[in-house]
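Construct all of the structure, not just a fragment, from the sequences and the given hints.
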Amino acid sequence: MSEELIYGVHAVAAALKYEPEQLRGLWVERRRHDARMQALLDEATGHGIPLHLVERAELDRMSGGARHQCIVARLALRASSHDEADVPGLLAAVSGPALLLVLDGVQDPHNLGACLRSAAAAGVHAVIAPADRAAGLNATVRKVACGGAEIVPFIAVTNLARTLRELQALGVWLVGAAGEAQQDLYAVDFTVPTAIVLGAEEKGLRRLTRECCDHLARIPLAADSVESLNVSVAAGIFLFEARRQRGSA
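Using this note's numbering, read the sequence shown as starting at 106 and increasing by one per residue.
Warning: the hint list may mix true and false statements.
Unchecked claim - Derived Cβ-Cβ restraints for the label pairs, each shown as a range:
no., residue 1, residue 2, range
1, 284, 155, 44 to 52 Å
2, 237, 147, 27 to 35 Å
3, 311, 136, 31 to 39 Å
4, 270, 122, 32 to 40 Å
5, 350, 126, 25 to 33 Å
6, 270, 162, 49 to 57 Å
7, 161, 297, 47 to 55 Å
8, 349, 307, 25 to 33 Å
By construction, these hints were calculated from the structure, which means they are not laboratory data.
Glycine included, every Cβ here is placed at the ideal spot set by N, Cα and C.
Right, here's the structure in full:
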């Protein structure tokens, strides 16, 4: 079983909450003694997870110089619990209309992490992305997601266009985000089973992805404002409009 290092208070707290059995050890700066850190250490001790008190330089080395917030953990990676073959079962288990987020080639792990965080907050049932030429789950994604990577199923698929067509066959409407679309997202009915589809940074939706969408919608921007929004910001706006239309969670 392969392992990965994760770092940051939120990422480690999420791992302790959702998959403590996968944690192989915590490394903590020996001089940090605040209540927040102590709570994490107490929880780790309760799960029998080995603790290592080290100097900050060791944490810098382990994290590759990333902002680790004085804590690094070693996480055993289980085989993905979800793949594209599980999509019909995931949808069948949803109570009410499904809400999915599809990311067409988002490559920046910070953007993927932010999208997962918004997806978790909005009650998304799964995030779907291509397996190739796109960011996957790693330490940076988990840190930025603040637990979203553990809450929302992340499904990497080999052929995104095929997966989109399968979603349509299962009764899911595909709404693509496109700045040149004729209708605003506020005119779209998100109360039906919906997959919100966003493109990669700068490039937007690929042609085949765009052609699969049932609707294209844009975020109305103020005149003479920025040309476009960051993909994670756009994801949050679309997802919470869907949540608003659907009322209570």
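Enumerate the violated hints, using their earlier numbering and listing them in ascending order. 2, 3, 5
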